[in-house]
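This is what each chain is made of:
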Amino acid sequence: MYDLKEREDTAQSVPRRTRLVARRRRQLYPFFFHMGPVALCITSVLLIGLMAVLYLSQVSQAVSANQQLQAINAQQAAQKRQNQDLVNIIAQEQSPAYIAAGAHKLGLVPAGPDSVQVLVVKHLLPFTNNEQGFQP
Amino acid sequence: MSAELQRARNRQMIVFLLVCTAMLILLGRLYYWQVVRSSYLSQLANDEHIQSQVVNAPRGYIYDIQGHVLATNVVRDDVYIAPIQFATDYTGDNAQTELALLCSKLHQVLPQLSQDRLKQLFDSHQASVRIAGPIEPTQSQQLRALQLPDTFLEPRTLRVYPDGDLASQVLGYVQEDQGGVYGIEQKYNTLLAGKPGSLTAETDLMGNPLTVGVSSQQQAVPGANLTLTIDSNIQYLVQSELTAAVKNLKAQSGTVVILNARTGAVVAMAGAPSFDPNNYGAASDQKGCLGTEDVYFNPALFCAYEPGSIMKSVTMAAALDQGLITPNTSFYDPGYLNFTDGTPTVTNWANEGYGTETMTQVLEHSANVGAAYVAHNILQANRFYPYLQRFGFGKSTGLEDPEAAGTYRDPLSANWTPSDLTRQSFGQSILVTPLQMAMAYQTIANDGVMMQPYLVASVNNNGHITTTQPQVKRRVISASAAELLKGMLVSAANFNKQATFPGYSVAVKTGTATTQGISDDQTVASMAGFLPASNPQYVVLVKLDRPQATIFGGTAAGPLWKTIAQQLMWHYNVTPDQ
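Chains as they are written, first to last, in our numbering: chain D, 1 to 136; chain G, 1 to 578.
Honestly, the hints are just simulated from the structure, not real lab data. Beta carbons: idealized from backbone N, C-alpha and C, even for Gly. Please note: incorrect hints may appear among the correct ones.
[Stated by the list, open to error] Just the calculated beta-carbon pair ranges, DEER-fashion: (1) L108/D - I465/G: 34 to 42 Å; (2) G49/D - L26/G: 28 to 36 Å; (3) I90/D - N382/G: 57 to 65 Å; (4) R7/G - G36/D: 29 to 37 Å.
[Unchecked claim] Examples of chain D residues lying across from chain G (beta carbon under 8 Å, computed): (5) Q70; (6) A71; (7) Q75; (8) Q76; (9) Q79; (10) R81; (11) D85; (12) N88; (13) A91; (14) S95; (15) A97; (16) A101; (17) V109; (18) S115; (19) V118.
Pulled out of the complex, with its shape left as it was, chain D reads as follows (with noise of 0.2 Å):
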């Protein structure tokens, strides 16, 4: 991540450049920047801080998103529940036996043989398939 630069060429003939050079060698460069131990510290622990920050921001969101589909399953699972019972309820008062009982409780009865007179037509063309629509 970072370099330690070190300059020991100068440091054998001028004593003066020497603690300088010294002061330099202490001196971290990462990223380009000039950059003391401290500074390097507290920078690297504000990363690493930035970092799980955003880490767990990350996780949050998921835990969340996963609550939510969770609960979306949950009502999916509901839902499709209802729509099951819906179409037995329907299909239920849909069904013949059904709708005779409620006919029966309206008071009508059953049209049979002995209870229906037909009437027949003496030489009427019967109709065939293309002529039952009315047609003027």
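Fit chain G to the known structure of chain D by using the hints.
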């Protein structure tokens, strides 16, 4: 080096070696757990937080031809309690109070369980006990709202039949562990059941799958939806009228089959007694088909019987097709017929003689002598049995599986005698199913062409729709022979007037079958025919087993046949032909 220093160095060396040894041991253990036992430990860890679930495929619906739902699915809850968990959660003095309160609340929602019974169940020291189920949706809502401790609801998918016993013997039912049982549910079980999927995922503490982490899913393939050729309205009419007829005539059982005369599609197929597939266990002790079969079997397919006089149409068909008789061919009928080859004498019902009679009159009088004369003296075995085979007797129709095939003796069978031939000509010494008999009449109605009977009109397999096309099985008799026979059957119907009604011409034959060894008043009364005779649309067969109020085909089965036939014409707006 001083001795003191040497000892110190030795001590250092020993300590160093001990540390090295300890490190080596630790490294060894590390290698053992991390490398040698790695897969096992990984498996244990995965088992803790990765779960595989089977995703059940929803079973396909069954519809009638009008799109009305005959079989569907609902989800209902079972109620479980956790006695051990309850004992852990509640200890000390308040445990009994809490138990009494819990049992009281459960009893309010599930009144069929007494509080004492609930306390017994909580004292059972089991991890979980199913106390009720499947419960009604309102009960599920109440229990959810109460949020009772250590009480759980487990959803379960159930197969339901909204019409109750309507077409139950056609549909069959579903058992949770076995799948479809009987009928359509059994025959098409693989199609209806679909293919279960699976879900493998990391789960939370509650077992819910997480979106993060490793997961794999294989989608379940829903079962196919079936559309039957059955019409619920006609099926209901047939079933209710049949049940009433069985009750009024004090019959043991009965069967009705209605076919589309042109396509072979089954419009209705009913048996009495019947059962409710929503509660099939309640009918486990009921028997149909003269007490020989469980009520779950479809009697139209399983209940083989001696058909009696409705078989005479088949005998006539064979002779007409070979040009050996015409409707006006006549012979003398003194009421009995003796044979020179040792065949026992055949007599008419009540030994009644009809003098000189035509073949049409043989059908009008339902004369056994006439049928035996045609079979024995005109057709003979070599020209009679091929027609039994071509009409499909002795072989299952293939409508459902399993299905009774029926049986008869022919000259190749052991113990066959010419007596079998004469008796088979008027419907004795031969076992047929009601469907086989109905198919014989369908053949006559359809100008001599037998169609393949079918119950499933279409299959919708997740969008891939397969529609059943009517299939010709074979030509059995010529169109001219079928036309002549139709005329004879119309004459028989008009002669007896038991099945005729204004507006439509009908072609029918009655049957009153007696069984050897049983009193003659214990009959199987039947009527088979089709209408409108000029352009046949529907074939109707009615069969009543051992009616007591009246024992004859014309008087017992006739009124029911007529009611059904008239309702059919009205329901489908069939153009009157008279």
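Hint-by-hint comparison with the structure:
For the hinted restraint 34 to 42 Å between L108/D and I465/G, the CB-CB distance of approximately 38 Å keeps it satisfied. One distance hint, 28 to 36 Å for the beta-carbon pair G49/D and L26/G, holds here, with the actual separation near 34 Å. The hinted window of 57 to 65 Å between I90/D and N382/G holds, with their beta carbons roughly 59 Å apart. Taking 29 to 37 Å as the suggested C-beta distance range, the pair R7/G and G36/D does not conform, at roughly 48 Å.
Checking Q70/D against chain G by beta carbon gives a least distance of about 5 Å; that is within 8 Å, so the hint holds. At a threshold of 8 Å, the smallest CB-CB gap from A71/D to chain G is about 10 Å, leaving the interface hint violated. Interface restraint check: Q75/D against chain G, minimum CB-CB distance 14 Å, threshold 8 Å, status violated. For the restraint placing Q76/D at the interface with chain G, the shortest Cβ-Cβ distance is roughly 12 Å, beyond the 8 Å limit, so the hint is violated.
The interface hint given for Q79/D is violated, since its Cβ lies 11 Å from the closest Cβ of chain G, which is over the 8 Å cut-off. Satisfaction of the interface hint for R81/D is found here, the shortest Cβ-Cβ separation to chain G being roughly 5 Å, below the 8 Å cut-off. Look at D85/D: its Cβ gets to within about 6 Å of chain G, closer than 8 Å, so that hint holds up. Annotation: N88/D was flagged as interfacial toward chain G, and the flag holds, the nearest CB pair being 5 Å apart, inside 8 Å.
Annotation: interface hint on A91/D holds; nearest CB of chain G at approximately 3 Å, less than 8 Å. For the restraint placing S95/D at the interface with chain G, the shortest Cβ-Cβ distance is roughly 4 Å, inside the 8 Å limit, so the hint holds. At its closest, the beta carbon of A97/D sits 6 Å from a beta carbon of chain G; the interface hint therefore holds under the 8 Å criterion. The beta carbon of A101/D is not positioned within 8 Å of any beta carbon in chain G (closest approach about 11 Å), and the interface hint is therefore violated.
Annotation: interface hint on V109/D violated; nearest CB of chain G at approximately 13 Å, more than 8 Å. Because the beta carbon of S115/D sits about 11 Å from the nearest beta carbon in chain G, more than 8 Å, this interface hint is broken. At its closest, the beta carbon of V118/D sits 4 Å from a beta carbon of chain G; the interface hint therefore holds under the 8 Å criterion.
When each numbered hint is compared with the structure, violations occur for hints 4, 6, 7, 8, 9, 16, 17, 18.
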